[in-house]
Structure formats: structure tokens, C-alpha cells
Amino acid sequence: MKLNALIQNRAALAGSTITALFIIIIIVGPMISPWGSGAFDFTAVLKPPSWSHPFGTDSLGRDVLTRVMEGARISLMISASGVLAAMCLGITAGLFAGYLGGWLDAIVMRMVDLLFAFPAFVLALFLMVALGFGVTNVALAIMLVYLPIFARITRNTTEVVRGDAYVQAAQVMGQSTPRILFREILPNISAPILVQASIAVAFGIVIESGLSFIGLGVQPPTPSLGVIMADGQEYFRRAPWVLTMTGLTVTIALLALNLLGDGLRDLADPRLKRRDA
Amino acid sequence: MKATTKISRRSILKSGAAATTLAMLPLWAGRAEAACGTLRAGITGYNVINTLDPAQASLIPESYVIWGMFNCLLKFDADMNIVPDLAESYESVSPTVVRFKLREGVKFHDGVEMTSADVKFTLERLSDESFGSPHRSKFMPISEIRTPDAYTVEIETAEPFAPMLSYLTNTRTGSQIVPMHLLKDGTPDSFATNPIGTGPFKLSTYEPGASLSLVAHSEYFEEGLPTVSAVDIPLIAEESAGVTALLGGSIDITSTAPFADIPDLEKDNRVQVLKSGGTNTRFISLNNAVAPFDDVHFRRAVSMAFDRQPMVDVVLFGEGRVANGVVPSSISWAATKEQPMETTMNPEAALAELEKSKYGKGTEAAILTWGSSWWKRFAEVFVLQVNQVLGVNFNVEVSDSGTVYQRMQSGDVQGSIWGWLGLIDPDEYAYEIYHTNGARNFENYSNPEVDALLEEARRTLDLGPRGDLYRQAEALAIKDCPVLPCFESNVHNLLAPKVQGFVQRPYSGFGAQLADVKDC
Amino acid sequence: MLVGTLVVFFVMKAAPGDPALVVLGDFATPETIAKFNADRGLDAPWLMQYLDWLGGILRFDFGTSLSVSADQDISALLAFRLPKTLFIGLYAMTIAITLSLILGTLAAVNRGNAIDTGATSLAVLGVSMPDFWFGYMLILGLSIGLGLFPSYGFIPPSQSILGALHSGFLPALAIAAPMAAVFTRTLRTALIENLDREHVMVSKSLGHSGRFTFFHHVFRNSIIPYIVVVGLQIRYLLGGVVIIERIFGVNGVGSLMVEAAFARDYFVVQACAVVFLAIVLGVNYLVDLICAMLDPRRAR
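Residue numbers (our numbering), protein chains in the order written: chain A, 59 to 335; chain B, 56 to 575; chain C, 1485 to 1784.
Excised from the complex, chain A in its bound form:
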């Protein structure tokens, strides 16, 4: 994947630009904002959007924009760490299963199929009841939702490249199995995994905000995007901007991640790129 190819793909370019901008904003934003994300002001409760509060204020008179930037960082971190953990475990399981085959493959894939059969949100909800609320448990739930997906992709692609010349060469040279898996095979199958990762982070944010929105995920005062929206939902009629603006921000962030994922997919799958161009 070369840089100029990335630039030539409009979707990938737009996606990566917005994503990068977004990350800069959520890191730098809270620092330069005149308001703190926890700074309450009981005299300025539920103020509609204005120049000093572009997203208005919430029920405690806090600046919603600052909280959204802070919340986006937290949500992104939860989602990314969940997805990262899912990648580590899923890729490892998938590599071994796809490369070695046999009973190991059968067992791993049975378990993966099982997890995969649960609707993602049902599984996440179920885990929250079992594990209890909180940041770590939301990340854990996201991990378990994506674990089977990464395991499956890795296994299937590994199975395809298992017989390729460079793998056989490595085998002949007597390299250890882990070395072959992580040094030879993984770099060659990384493209579809990366595509999946960018989409997974996007949906991880949806899962986090969904759980927190119904009150089973992250809990206040930690301002995750779902927590802010849950608060805004309570007085939605009186101050619709809290829920509306926060949701709009989430939509733009996810749009960027999805565009990035699409772009990466096109680049990784030259068939479509050629036809689509």
C-alpha cells in the first residue's frame, strides 16, 4: 500500500484526512478549550448553542463541545483497546488454526462460530450484565464481539497462503512455526485485517455508546459519548442540542472511519479498484 495510491483513492483520502483531523481535535481541543469538561456552572444550565458554547450546555451547565471532545477520546480509546485486544487474540488463534488445521482448527472455529452466532449487541449486553458496568468491561465486551471476526478472517486467509512458495521456502529453511506465522504469513495477509480493524473501531464506538446510552456501559462522571447522549436523551425535548450535536459528531467520526475502511479495501482488492475507478 503506497502513499500515492492512498492519495489517489478519494474515499481513503477523505477518510484518513477527517480521521486525522478528528484525532487532533479531540487531543488538542480540551487543552485549548476555555471550559473544563467537568467545570459546572449552575447559572448556565441547558443553554442553547452560541458562540461561547457552540454545542450549548448540559444539565450541569457544562460546555457540551468540550465534553464531546473529551468523550470522543474516551470512547475511541475504549473501542480501540477492545479491538486491539481482539486482534491480538483473534489473529493468533486464526494463524494457528489456519496453518496447522486439524483438530485445533476444528475446536477454535467451533468456538468462533458460537460467538459469531450471537447478535453483536446482544452479546455485549449479555456480558455487561455478567461482568458489571464500567470502562474496562465495555472494552472487554467489544473484544469478545470482534474476536471471532478477526479469528475467522485470519484463519481463512492463512489457509489460502499456506501453500505459497515463500511459506514453503521458510519451512524448508527450518524456521519455527511461530516465526513462519508472524514473520512470513502475517505481513502478507495484513491488508484485509487492517481494513476490518478500521471498520471494527467504528462499530466499537457504536457498541460503547449504545451500551452507555441505555445505562449499562460507562458510567458518569466519565464523559463517554454514550454517557453524554444518555444525559441529553433525558431532557431531549427541552434541550435537543445535547443529544443531536453529540450524535452528529459520532456520525461524522464513524463516516470518516468507514470511508477509510472502504478506501483501504479498494486498495487491498485491486479487482474493484480497477473497475470502479
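Hints are computed from structural coordinates only; laboratory data are not their basis.
Hints are supplied without guarantee of correctness; some may be wrong.
[Claimed, not checked] Mimicking BS3-like on lysine-lysine, the simulated pairs with C-alpha atoms at most 30 angstroms apart in a straight line are:
hint : chain 1 : residue 1 : chain 2 : residue 2
1    : B       : 239       : B       : 162
2    : B       : 573       : B       : 162
3    : B       : 322       : A       : 105
4    : A       : 105       : B       : 330
5    : B       : 239       : B       : 175
6    : B       : 392       : B       : 534
Here the structure is a predicted model, which is why all the values come from computation and not from measurement.
Start from chain A and add chains B and C according to the hints.
Showing chains B and C alone in chain A's frame:
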């Protein structure tokens, strides 16, 4: 008993409003609109009803329905005075004996007459240990129940027990009269979902988690009641959805309303808003047995380090009032009248108390809370203010209300948000919270002087002196700050413009009031 | 499926919190708690509890509810709520399929021009909106703003089909939006691939009309990957159902699961999870059957 029940009601619909209402009606609602015989009274904010057996019920929505299906010996009138209900009259024979004369010809829903035997059975069932009623402790002081004839009941207590009359009213007491002839050989499982009472309405169908429908009890003892022939009670989990349903014309009455929407709704001529100061108390419970709240100076410092009015404004969107003590102001004869110094924000005094305390700035403590709505904000507003004023480091810990309650009972807590709702006797607040042996004293608070006053109050039948005793006890207790009283929230009902005759009660007596509705 | 129930059961058992306390509420005492647990066999060894439960499922008997609706048969609760969930689910699926067939075909036929760009952008937007937020935006616009649809409550189809279609439209649309987006993209990609195939060129060169070629060759070949994706999306559909049902006050299995989660009603949460699992497996089986029937290679 005097009570301040302020009821603001919207003037009834202007001529143009009818058209607006019609325009808002969804396509499918046309059917229901024609039949005014059926009142559609939505229970909002809750959709769990576990049992309709009065002796087993513990949830508010259960009471909402039970109140309309049963009667007690006594009830509260619109001014919160205790008046006879199934009893025709009552008198105090001696300080320990009250005699009730029952109405004659009262019929249960199955046509059997209600007599003194049913009353005796009901109260003995409540205090039967093996039955395990959550209301048992209220009826423990009863030593004997005598039924000289079918329409006379004498209740004797071991020593004078003033709260007894309140416990015999149609509120969250469990003392609703149940039919002995159906339950004497043990309560059948079906009684929880298909109960038989004497009330104005009887159950027709029940869809768990979704709705109930009631029909009028044709042999109801009060002449001309109920005026509506049937009541549909949808269970609507989200309060805001109840508002939409009412504005859309799919229901006529709601049991609650979202605090945030009240100002807009009061301006809306498609709805009448009933509101009154509720009989409830919301406070911060501090565990007096563990650090840092084992130090009275520290507790006092915390109590004076936050302003309660912003709490009302921010947590309840103004729909409530600052509490002077734990006895709700709607029980005006016993409630503390002025806001005590110890519960008034005063940063200088708070810091001075902090100086005297063995804990200083940077002290950490976890405040438990739960839920999705204002309970979380309640804790947040408290912690934010106290941290700012005292420089301490409190944090909010969120779980669910069951867990919070469990931890409070086991003492595995530093501080938590808590409150009581719908209790109607000051004894249930002051005695139970402040007394060393109080059933709601999760703070491990103990003060012999306070205990003595509260015990004296239980023995005093005359309301005036009894109320004074509660005030004296509370004045002493508040100096020790075992709990930090914060606010009381208003109760609301939303009514469609046409609805007439529904009179709100401060303890929010929903079901019991539906019989009086004249137009819908 | 068996392993699924095992996982569901034991994960649930490890959950914190005591169901008895939640049920008995504010006035619980140690004695009432012990009695409660004994009555419901909650003091038996776990393995016995599991076998009991599993035996029950096979007879569609999930035991009784603890706290969401005490002592009610869970099977009765499910029987009462499942039709609503299935109705909303099918409704959403219908909306999603209709939208995607139109948008996907338009995009593929008009590849590269404004219509394609518009449809594709709409699709990316669709997957990017959190469904519950979209639900609220629908409420704000179509319900509060224009008063076209009720924002809460669902008339079951058993009462009135028209009422169900009307009151179920917003929740179904909110669930359908992300799915319609995914379907549109899949269909567009599949159609484009098939449009470029040799036999399509051949068919055109033989003088068949554009419409005949499109439906006879292109569409038929594109429909299999489309159906596979539709089958896969059932997982997201059911996930969406859970949260959307709650927002719109549809008394279905999804809102039951959330209520049970809050009430720590273990048996009900378990039962709902099993029901969702069974639906997914059932639909996947159905999709396999349909694909086998449609596949021209296998048909031969």
C-alpha cells in the same frame, strides 16, 4: 392535620385546542377516542409489576394499581387528614386500644360481604412471620385484635403506638383488606395476578410488563362510584414517552411526568399539569461507622459545603424544594420548619469545621448512586460542589439500586445517595432513620437523647405534641449530620384537557383517585 | 446450540448481585431472602440448575421470571413478546431490502455519475449513524416536528395491522437504515461485477434488450451474494432491535432483555439470549437453503 397541598391546574381547553388535539391523533387512535367509558390511565416511568397482593407489594407501580382495587379501614382526604374508609367511624377507647365500626354491606369483587373477620385476618396475615410480608414490622406492635361482632374491630397494642392509624390508611402500608374466604388456607399463587378486593375497580386482564385493564366494581359501597366503567393501564417505561402518548391522545392520565418537561407542559393547552410537593425525602446517607464520615466535624463540614437550591434547579429542573430535614414538609405538623444552620451552605463555617476534623483536604470518599436519570446527577452535583469548597477528593460510584441497598444494609459503603418515597407517617422517616434501632438507620447513628424523644413521640397520640417531639428529635439529630437532607421532589400528573375530577395526593395516590374521574 | 446454552448459563451465574434482593426490594430481610432462594431452587448446585434449565428449554419452558415479572412463566412472556419483535424485525428487513434494491440498482446502472455518488454517499452515511441516535432524530423530525408518527408505543398486529404498520414504522426505519446501507453497497458491487462479465457482453451483442439482459443475467447472478449478506446482517438487525425497541417502547424480546438486565433477572436474560441465538441459527439455515436453490451451478 394541616397539609399544604398546592395544586396548580391548567384552565380547561380553549375552543381551538380540540382541533389541535385531533390533528395530533395518530391514525389508529380514532377507535379509542369514541369510548369515554374507558379511562386510559398510563403508569409512566415503570413497567414492572410483580404482585398485586397488597401484603407482598413493595414497588410503587404495584401500589398505584392496588390502591384502586382495595380499601383500607382508613384513608387520607385531599388535605391529608385521616378519614374513615371501610371503617364508618373509629374511636380511641384507651391509649392502647382503637375501636373501628365497619360499614355494613361492603362487597368483595366476588360478591362476598366484607366483615370484621376479614380485617382481623388481613392484619394477622401481615404480622405472620412465615408469610414474610415486607410490611410486617409496621404491625408488630399489635398485641391483640378482637372482633366483638361482624362490624366491630378492636386493635390493641402492647403500648401506645401513635403511627398505627397512618398504617391503616390506603397508602404503601400493605394493610388493604383482603378476603379471608379465599386466603385462609394459604394464599394461592393466582392471587398475585388476579386479586380480589373491595375497591372501586376489579382486574379484568393483565399482560405482564405491558398493561392491565380494570373494570368497575358494580357493587362498590360508595354511591355512584366509580363513574367510569373501565380503566386501561398501559405500563410505559419511559416518562417522556408518557408525555408523547398523552399529547398524542392515546392516554388520558399519567402517573408521573419528567421534571425537565414541566415548564413547557404548563404552557401547553393540550394538557393539564397537576403538581404538589411530594411526601418524600432525598438525602445523602453517610456511614457514621467508617472513615471519613465517622467524624462529626467532617460530616458537618461536608453538609455546609454544598448549596441545596442548585440541586433542586439542576437535578429536578426546579421541580421540588430544599428539605429542612428528613420529615417531608407535606407532613407539616411534624416537619422541621426552618432550614437548620447545619444544612445551609456556608463555606467559611464548613472550612472551620474541617479544621476541627481529623480529616483534611484531599480526603477521599466514594459516593454510591445508580440509575440512568437524575439519581446520577444528584451524586455528581453533590460531589462537584463539596470537592470545590473543601478541596476534598470525593468520587461518584455508579451501580444499580439493588446493589446500593445491599451495600448500605451490610455497611459496605462510605456514602450514598438515598431517599424514601410514599411513606406517610413521620415515624417512618424520623424514628426509622434516626433511632438507634430504626429499620432505615443504615448510617449506624446512635444518640440516646434523640432515641428518647422518638420513643416518646410514638407514645403520644395527640398530633400537636407528637409533632413537636419529632421536631425536637430532628433538631438534635441534624447537629450530628448522620444524613444530609437535600431536597423533596414534586409529584406530577398529566391529564388530558377533558379529564375532570382527578384529585392528586402528595403521596401520589394514583389508583385510588381514578374512581372519582368524571369525564375523560 | 447446546454449547451456546452452556456458555449463556454459566456466564450468567458468574454475574454479581443477588437477584433475591432486587426482587424483594426495599424491605427484604435475611429470612425472606433465604425463603426466596429455596422456593426457586437457587440454592441447588449449579450443574443441577443447568440440567434443569436445559431440560426446560427443550420443552420451551424457561422457568419463571424472578423480578421483571415475578413468578410469570418466561415462556408466556416470550410468547407474548416474540410476535412483536418478529413483526418489527420483518418490517425492518422489508424496508431495508426495498430501499437497497432501488438504491443499489440505480447506483450500479448509473455507475460513476451523480446518482451513483448520491446513493453510495447515502449508504456510507447509513452505516455511520448510531441507530439509536437516528431513532431520536426520526422522533424529533417526524413525530415531534410533523406529528406524522407516534414516538412511543406499538400497536400489536394482533390488534390492528394498520396500527402496527403505522406505529412500527419509525422503529423499523431506525433499525433498517444501517442494514439498507450495507445491502445497497453489496448489491451495487455485485451488479457492477456481473455487468462486466463476458456473458453479459455476449448477451448484449446477441441483441437481447438491455432490460432482459439485466434481469436475466446480471440480477440473477448478483442476488446470491446479496442474500448471503442479508443473512449475515440478521445479527445486526437483532442487535438493533434490542436498543430500538427500548427507545420506541415496543414490548418485544429486546426491551424485555434490557429490562431484565436492569432488574438482574438472570433467567429472563438467559432466555432472551437463547431466543436470539435460535433466531440467528434459524435464519442462517434458511439462507443456506435459499442459496442452494438459487445457485445455477447446483441447480443443474
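Index of numbered hints that the structure contradicts, given in increasing order: none
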